[in-house]
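> Sequences listed follow chains A and B, in order.
If you read the first sequence in the working numbering, its first letter stands for residue 1284, the second for the next number, and so on.
If you read the second sequence in the working numbering, its first letter stands for residue 109, the second for the next number, and so on.
To be clear, the hints were calculated from the coordinates, so they are not data collected in a lab.
Keep in mind that a hint or two might mislead.
Partial list, computed: chain B residues near chain A (C-beta under 7 Å) [what the hints assert, rightly or not]: (1) Phe124; (2) Ala387; (3) His508; (4) Thr515; (5) Leu521; (6) Met523; (7) Asp528; (8) Arg549.
Computed from a predicted model, the values in this text were never measured in an experiment.
Built from N, CA and C at the ideal position, the CB exists for glycine as well.
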Amino acid sequence: MAKAKIVLVEDDNLLQKLYKEAFEKDGYTLMFASDGQQGLELIKEQKPDLIILDIMLPGGMNGFDVMENLKRIPNLKSIPILVFTNLDSEKETAEKIGAVDYIVKANSNPDEVVKRVEGMLQSK
Amino acid sequence: MSENPISKSKIYDHIFQSSLEIVALISFRGKVIDVSETAVKKFGYSSRSEMVGVNLLKLLKSGEAALPKERIQKLLHGEKLEGIEREFKNKKGEVWVGLANAIPILDDLGTPIEILVIVRDITEIKNNERRLRDSNNLYQTIFENVPIGIGLADLRGNLVDFNPEMLRPGGYSKKDIEKIKNVSKLYYDKKERTRILTLANKQGYVDDVEVEFVKKDGTPYPTLMSLRQVKLDRKIHWLALVLDLSKQKEAENKLASEHQISEERVEKLNMFQLAVENAAEHIIVTDPDAKIIYANPAASKITGYSIDEMMGKTPALWGNHMPKEFYEKMWDTIKNKKQTFVGEVNNKKKDGTLYISSLYITPILDDKKNVKYFIGIERDVTKEKQIEQMKDDFVNIAAHDLRTPATAVKGFLSMVLEGDAGTVGDSVKEMIKDAYEGNERLIELINNFLNVSRIERGKITVNPKPGNITHIVKAAIQNLKHAAEDKGLYLKYEPQANLPKVMADEDRTIEVISNLVGNALKFTEKGGITISHEIKGHVLVTNISDTGPGISKDLIPELFQKFRRAGTRANTPGLGLGLYISKLIIMQSHGEIWVKSKEGKGSTFSFSLPIVK
């Protein structure tokens, strides 16, 4: 079985590159969007198995806005979301809106992130 | 003689007729036998014969005795009496004083038969004497009682006489002065005497010179002195009139100093007024009901209300934009506790502009400790707040943006180390490891920056709840065990059973312990770290002791400050903001944090947390 399809909404191209390496090494398909609007469109178009979502994003739409939008779309609202951010005080808010997991970027390794995603997909 | 008695009586008759003296011939029974014409006139009778047979007592002022018995006896023995002073009266009742001589008249056998009395009117002399006596008495009384010292001295300065007032101011007795004798010894400054005497000799007098005399105790007293030359017993004397000025001088000095004090007070008041009027801070004074009784120009400028508009109103005019609890706490502080209230308030200017002020209200109490006034000082800190906010935002954004690339570096390096990019040689691996470590420190530093900024802004609040300290410590050291093992250090934690629960924010306390243990691990090269607890009254103390190099005494006070680093030894990582954050967390948990250290013997960092009652 082909491994899961993941959308990463992240504006930093270094991190895009890092996570592309990390996930594709393990056989996942990783697609990027660099701001909230793009992310929402990509998710609608691709219907991924999992979303990795940054909160602070350029443009008018931040990660929380993306989540709130998704939760209103019936066939998208159940896609598990991993909030991946450098804000370490927004965990509660994120979980309230519907994030399954919350990782502070600076405190994580790519391997760990991959492991957490695996866990999320298994318990889906 | 006896054979010619008539001629004798004729002689008498002749004498009585023409004598200018008051002469009377009186029987031993005191009755007039004959008198001189002068006597008749003196007693106011019309003729000599009218007076014959008048009792002597009738001629005396009533109450005057004629003569005592023993004197009559003397007369009977033929002795003459002289100088008998009696008050007589004439027929009109007018009294006059007479000085009488009485001569007994003897018969041929030598037996006294009559008395010849010769009287001289000494009324005038007596009156003069009395007048003199009275006037002497008067002058003596004045001399004794006048509040001016009067002294008389000869030209050599020897005191001849002086009155009590001359003694009083100096505290001398009469004997003291008699001993002193010479006035020169009474001057406080002998040169003054020379000066005054020179002047006196030149002019013949001195008027109202101020001179200090010496008291018995050696201290000076001020006087005003005048000197006059007087002739006494044909010798020239100096008469000194001395007025004691001690009281006047005292009063003058008091007045002068009072004047000076009031001048100083006025000057001070002016100064304070100027300071208050020109202060950039908004300053108001209110009565105990918060009604404004004074406002300075800055208050008017800041609030936009004129001083007249503010008078009699309360500060709610521009304030009253805070929650009810804020004002309740404020009133409790200033009115009930009578303490200064410090706070930050949102205000509104007359034109509707909102602004933030730092606020100080101090109650001014009267003697009975009742509030007399409130003094309110406000400073518009809107701009400062904005700058502070910008600074916080900057730190926040900078820290956040710094994190992302650091995170990317961390990710790439960890992937290389994991072998995701193919096999790497050991020497390259070592270098990558060092790069990874360096990057980790960078991330920690950025994290701390963020934490400080947030804790200071109150964004991260510490919420102490009853918790189990053993559980907290175990959670904190979980991740540090490996680091200790890697460095060959022990990490000992053997808590006693049944420790009381403490009020602690679990996550934040874990941060504190991780930080303290992490520091201990960083600095310790041999031995290890021991964590222990002790109960001290109402608090539970947690001690983290290491066998590290210890901290120099000078550095200890700085340890818990922002941006400090203990020691500058090479190869020892900095403490960064960890201790400062730990202090903020413990303080917000109502505990304390401190360190005891001896250089070369290791350090013990301790913090206390309140025990749950």
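> Report holds or violated for the interface hint on Phe124 (chain B), using the least CB-CB distance to chain A and a cut-off of 7 Å.
Not OK, violated: Phe124 (chain B) not within 7 Å of chain A, min 152 Å.
> Minimum Cβ distance from Thr515 (chain B) to chain A below 7 Å?
holds (4 Å)
> Quick check on the hint: Asp528 (chain B) CB to chain A CB, less than 7 Å?
Holds, about 6 Å.
> Closer than 7 Å between Cβ atoms is the bar; does Leu521 (chain B) clear it against chain A? Give me holds or violated.
violated (9 Å)
> Given a cut of 7 Å on the nearest C-beta pair, is the interface hint for His508 (chain B) held or broken against chain A?
The hint holds - His508 (chain B) has a Cβ within 7 Å of chain A, the shortest such distance being about 5 Å.
> Mind checking the CB of Ala387 (chain B) against every CB in chain A and telling me if the closest is under 7 Å?
violated (41 Å)
> Tell me if Arg549 (chain B) is really an interface residue toward chain A, meaning its C-beta lies closer than 7 Å to one of theirs.
violated (12 Å)
> Does Met523 (chain B) hold up as a contact with chain A if the rule is Cβ-Cβ below 7 Å?
Since the shortest Cβ distance to chain A is 6 Å, the answer is holds.
Hints 1, 2, 5 and 8, counting from the list given before, are not met by this structure.
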